[in-house]
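Novice: Spelled out, the chains give:
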Amino acid sequence: MDDLIKDLSSQEYKEGFVTDVAQEYVPKGLNEEIIRLISAKKQEPDWLLEFRLGAFRRWQRMTPPYWGHVKLPRIDFQDIIYWAAPKRAEDRPDEIDPALMETFDKLGIPLREREVLAGVKPKGEVAVDAVFDSVSVTTTFRKTLAEKGIIFCSFSEAVREHPDLVRKYLASVVPVGDNFYAALNSAVFSDGSFCYIPKGVKCPMDLSSYFRINASGTGQFERTLIVADEGSSVSYMEGCTAPMRDENQLHAAVVEIIVEKDADVKYSTVQNWYPGDAQGRGGILNLVTKRGICKGAGSHLSWTQVETGSAVTWKYPSTILKGDYSSSEFYSVAMTNNYQQADTGTKMIHLGRGTRSRVVSKGISAGHSENSYRGLVQMGPAAEGARNYSQCDSLLIGSACGAHTFPVIRSRNPRAIVEHEATTSKISEDQLFYCTQRGIAPEDAVALIVGGYAREVLSRLPMEFAVEAQKLLSVSLEGAVG
Amino acid sequence: MDNRVYVIGRDSAPQYLRLEAGEALAMTLVFLPGTGGRYCLEVDLCGPGASLDLAGLYLCPADGQLDLRVLVRHAVGGCTSRQLFKGIVGGTASASFDGLIYVAPDAQKTEAYQENHALLLSETARAESRPQLEIYADDVQCSHGATTGYLNPDELFYLRSRGIPEDEARQLQMQAFLAPVARRLDEALAEEVYASLP
Numbered sequence: 001m002d003d004l005i006k007d008l009s010s011q012e013y014k015e016g017f018v019t020d021v022a023q024e025y026v027p028k029g030l031n032e033e034i035i036r037l038i039s040a041k042k043q044e045p046d047w048l049l050e051f052r053l054g055a056f057r058r059w060q061r062m063t064p065p066y067w068g069h070v071k072l073p074r075i076d077f078q079d080i081i082y083w084a085a086p087k088r089a090e091d092r093p094d095e096i097d098p099a100l101m102e103t104f105d106k107l108g109i110p111l112r113e114r115e116v117l118a119g120v121k122p123k124g125e126v127a128v129d130a131v132f133d134s135v136s137v138t139t140t141f142r143k144t145l146a147e148k149g150i151i152f153c154s155f156s157e158a159v160r161e162h163p164d165l166v167r168k169y170l171a172s173v174v175p176v177g178d179n180f181y182a183a184l185n186s187a188v189f190s191d192g193s194f195c196y197i198p199k200g201v202k203c204p205m206d207l208s209s210y211f212r213i214n215a216s217g218t219g220q221f222e223r224t225l226i227v228a229d230e231g232s233s234v235s236y237m238e239g240c241t242a243p244m245r246d247e248n249q250l251h252a253a254v255v256e257i258i259v260e261k262d263a264d265v266k267y268s269t270v271q272n273w274y275p276g277d278a279q280g281r282g283g284i285l286n287l288v289t290k291r292g293i294c295k296g297a298g299s300h301l302s303w304t305q306v307e308t309g310s311a312v313t314w315k316y317p318s319t320i321l322k323g324d325y326s327s328s329e330f331y332s333v334a335m336t337n338n339y340q341q342a343d344t345g346t347k348m349i350h351l352g353r354g355t356r357s358r359v360v361s362k363g364i365s366a367g368h369s370e371n372s373y374r375g376l377v378q379m380g381p382a383a384e385g386a387r388n389y390s391q392c393d394s395l396l397i398g399s400a401c402g403a404h405t406f407p408v409i410r411s412r413n414p415r416a417i418v419e420h421e422a423t424t425s426k427i428s429e430d431q432l433f434y435c436t437q438r439g440i441a442p443e444d445a446v447a448l449i450v451g452g453y454a455r456e457v458l459s460r461l462p463m464e465f466a467v468e469a470q471k472l473l474s475v476s477l478e479g480a481v482g
Numbered sequence: 001m002d003n004r005v006y007v008i009g010r011d012s013a014p015q016y017l018r019l020e021a022g023e024a025l026a027m028t029l030v031f032l033p034g035t036g037g038r039y040c041l042e043v044d045l046c047g048p049g050a051s052l053d054l055a056g057l058y059l060c061p062a063d064g065q066l067d068l069r070v071l072v073r074h075a076v077g078g079c080t081s082r083q084l085f086k087g088i089v090g091g092t093a094s095a096s097f098d099g100l101i102y103v104a105p106d107a108q109k110t111e112a113y114q115e116n117h118a119l120l121l122s123e124t125a126r127a128e129s130r131p132q133l134e135i136y137a138d139d140v141q142c143s144h145g146a147t148t149g150y151l152n153p154d155e156l157f158y159l160r161s162r163g164i165p166e167d168e169a170r171q172l173q174m175q176a177f178l179a180p181v182a183r184r185l186d187e188a189l190a191e192e193v194y195a196s197l198p
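Chains C and L, in that order, are what the protein sequence lines are. One point on numbering: in this note's numbering, the residue at position 392 of the first sequence is 392, and numbering is uninterrupted. One point on numbering: in this note's numbering, the residue at position 7 of the second sequence is 7, and numbering is uninterrupted.
The reader is advised that the hints may include incorrect statements.
[Claimed, not checked] Pairs of lysine to any residue residues, derived as SDA-like cross-links and limited to a Cα-Cα distance of at most 25 Å, are as follows:
| # | chain 1 | residue 1 | chain 2 | residue 2 |
| --- | --- | --- | --- | --- |
| 1 | C | Lys426 | L | Ser143 |
| 2 | L | Lys109 | C | Ile449 |
| 3 | L | Lys109 | C | Gln431 |
| 4 | C | Lys347 | L | Ser143 |
| 5 | C | Lys426 | L | Arg73 |
| 6 | C | Lys426 | C | Arg410 |
| 7 | L | Lys109 | C | Glu429 |
| 8 | C | Lys71 | L | Leu71 |
| 9 | C | Lys347 | L | Arg69 |
| 10 | C | Lys347 | L | Asp98 |
| 11 | C | Lys71 | L | Asp106 |
| 12 | C | Lys426 | C | Gln437 |
| 13 | C | Lys42 | C | Arg58 |
| 14 | C | Lys426 | L | Pro105 |
| 15 | C | Lys347 | L | Tyr102 |
| 16 | C | Lys322 | C | Asp164 |
[To be verified] Partial selection, computed: residues in chain L whose CB lies under 7 Å from chain C:
| # | residue |
| --- | --- |
| 17 | Glu128 |
| 18 | Arg130 |
| 19 | Asp139 |
[Claimed, not checked] Covered stretches of chain C (in silico footprint by chain L; criterion: 3 or more residues with CB under 8 Å from a CB of chain L, positions within the stretch not fixed):
| # | stretch |
| --- | --- |
| 20 | 394-400 |
| 21 | 405-418 |
| 22 | 422-435 |
I should point out that these hints are in silico values taken from the structure, not numbers from a laboratory. Note that beta-carbon positions come from the ideal geometry of N, C-alpha and C, so glycine has one too.
Assemble the whole structure, with the sequences as input and the hints as a guide.
Specialist: Here you go:
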């Protein structure tokens with residue numbers, strides 16, 4: 001068994017390659033000059049520059065949060081390059097740099113719109129916005145989407161073409177001073193996706209953003225804003241990878257989602273940032289603020305996340321249930337191996353009457369990793385008849401890892417019901433024995449058991465993602481059986 | 001097994017306990033109305049085979065603030081701990097329960113369970129629960145559960161439709177809610193608990 005472990009823990013992170021493209025950078029460090037420079041490079045209007053500077057001034061007075069159950073290496077914010085872009089991607093050329101095309105092809109992300117055969121719709125059509133370091137290199141299927149009035153483009157483009165929409169919704173869910181990393185992001189955010197679904201429109205295909213860190217010594221600070229107007233619906237997916245490096249790279253993103261009356265948004269993430277090597281060197285520090293608001297009555301927001309990457313994950317996709325009878329779900333699988341640390345969970349803030357939320361979190365820890373669920377469920381005084389059900393399970397593989405649960409439940413309404421339960425267990429010898437006895441190799445048996453354990457969450461993912469996630473889980477797990 | 005009962009504020013209750021190998025302890029904490037402030041209890045399970053059976057009920061039907069903190073530390077393997085807390089919060093009272101189960105590295109074959117249930121009776125009452133697990137060993141069985149809710153109107157209707165007056169029916173509901181802990185008390189104290197329900 002030990003040989004098996006050694007053999008498999010040397011498995012490489014297959015997205016760990018570096019693409020060699022000519023890139024331009026802003027100088028290292030962070031000050032008002034740098035922010036003005038980033039803003040100028042992106043030809044931003046004055047109000048956005050003011051927004052950035054305001055955020056920067058706030059950020060300078062803030063301190064990083066220490067409450068997470070993670071050990072963060074000291075981050076020197078003056079030692080990061082805040083903007084890096086492939087040179088040829090300036091102003092969105094019609095032709096994408098073939099090297100970039102190849103990169104995304106290698107990652108399995110289709111940047112070419114597949115041709116539609118006469119009357120035959122290709123299966124699993126997905127519109128992709130691909131972000132490479134600090135800029136979006138391309139967005140596919142824009143025309144098809146525009147016919148329905150859907151805006152799906154890079155954030156920078158949205159600022160130029162739809163300033164009113166951006167201005168109306170930017171920082172309306174995650175205020176500038178929300179937390180240390182959100183403030184930093186508001187000051188230096190580079191690119192990301194913007195998506196607007198007009199009234200009553202059901203988005204005909206899944207939308208997807210793909211984030212890639214390539215340049216060394218940089219951080220990625222993307223900003224995503226999704227607005228679903230009354231009665232609309234959309235399914236949105238997000239994926240990410242980075243090269244293998246010995247240094248820690250910072251990824252501090254902000255995602256804001258606004259769900260109007262009767263609209264439905266489904267947000268899925270498969271997070272596969274470089275997790276560092278088996279000794280815990282390098283890896284991405286994934287410090288992300290994601291929040292959505294169910295603004296109108298009957299709106300619905302669903303979060304699904306599969307977290308397998310990053311050296312440190314600090315991420316709490318949250319929902320503010322403001323509209324009456326709005327509902328939200330959070331489904332998560334967080335898998336940590338080697339020296340990875342994850343502190344992740346959700347916040348469900350019930351304000352409106354009859355609001356409902358459901359939290360299902362499955363943590364899997366192996367190796368020397370630490371995996372925590374941290375959550376808040378809050379029932380406001382007006383949340384008559386609101387309900388929440390949370391279930392957090394942890395699976396421990398090996399005796400050197402840790403699994404923790406830190407939920408907070410606050411109720412201020414005598415007609416609201418909150419239920420929380422959590423369990424911790426391991427893959428029992430009996431289960432393993434049962435499988436091996438039937439000729440299933442131990443590795444496969446563990447993958448089988450873990451697959452079953454995570455199924456409730458994986459089944460929520462869109463098709464293409466579910467397959468990828470299943471693969472990721474088994475790869476991340478390999479070498480963990482002991 | 002002996003069950004030690006402490007009425008907080010009346011009896012001198014322990015704040016730190018250490019259970020050695022094979023020791024078993026059953027303990028019940030009672031917070032009668034008017035008990036405010038913070039009560040902290042720490043229990044270390046230091047020898048294999050030690051077991052803890054802890055229960056508590058807190059009644060805050062009118063006002064005041066109660067802050068309850070329980071830390072159960074499994075320092076070695078092979079120990080068992082069970083916790084069951086029930087609380088009723090009404091009026092303008094606020095109650096918070098903070099319970100941590102800590103399982104040290106290599107404390108294998110640990111069994112630890114914790115439950116906290118709170119009933120909210122009024123618009124202005126607040127309840128907060130923070131049940132936490134911090135686990136560093138893999139061969140363990142740990143779980144916790146927490147709920148906050150209210151008196152079920154269907155149950156109330158059932159009782160009233162059978163001729164039981166509303167106030168009495170409510171009392172019955174609350175007694176039933178508290179019963180799993182209240183049955184660990186002697187009759188006189190149980191009477192006192194029931195009599196203090198709003």
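Novice: Regarding the pair Lys426(C) and Gln437(C), is the alpha-carbon distance no greater than 25 Å?
Specialist: Distance of about 19 Å is within 25 Å: holds.
Novice: Regarding the pair Lys109(L) and Ile449(C), is the alpha-carbon distance no greater than 25 Å?
Specialist: 21 Å, holds
Novice: Do the alpha carbons of Lys42(C) and Arg58(C) lie within 25 Å of each other, as the hint requires?
Specialist: Holds, at roughly 22 Å.
Novice: Does the nearest C-beta of chain C fall within a distance shorter than 7 Å of the C-beta of Arg130(L)?
Specialist: 5 Å, holds
Novice: Please verify whether Lys426(C) and Arg73(L) have alpha carbons no more than 25 Å apart.
Specialist: Holds - the C-alpha atoms of Arg73(L) and Lys426(C) are around 20 Å apart, at most 25 Å.
Novice: Using C-beta distances, would you say chain L covers the stretch 405-418 of chain C, given that this needs three or more residues below 8 Å?
Specialist: With 14 residues closer than 8 Å to chain L, the stretch 405-418 of chain C meets the three-residue bar; holds.
Novice: When you check the alpha-carbon spacing of Lys109(L) and Glu429(C), does it fall within 25 Å?
Specialist: Since the Cα atoms of Lys109(L) and Glu429(C) sit roughly 13 Å apart, the hinted pair holds (cutoff 25 Å).
Novice: Does Ser143(L) lie within 25 Å of Lys426(C) when you go C-alpha to C-alpha?
Specialist: 13 Å, holds
Novice: For the pair supplied as a hint, Lys109(L) and Gln431(C), is the alpha-carbon distance within the 25 Å limit?
Specialist: 17 Å, holds
Novice: Just to be careful, I want the Cα atoms of Lys347(C) and Tyr102(L) compared with a cutoff of 25 Å; is the pair within it?
Specialist: 24 Å, holds
Novice: Against chain C, with CB atoms and a cut of 7 Å, does the hint on Glu128(L) hold up?
Specialist: 5 Å, holds
Novice: Is Lys347(C) within 25 Å of Ser143(L), Cα to Cα?
Specialist: 21 Å, holds
Hint compliance for this structure: hint 6 is the single one not met.
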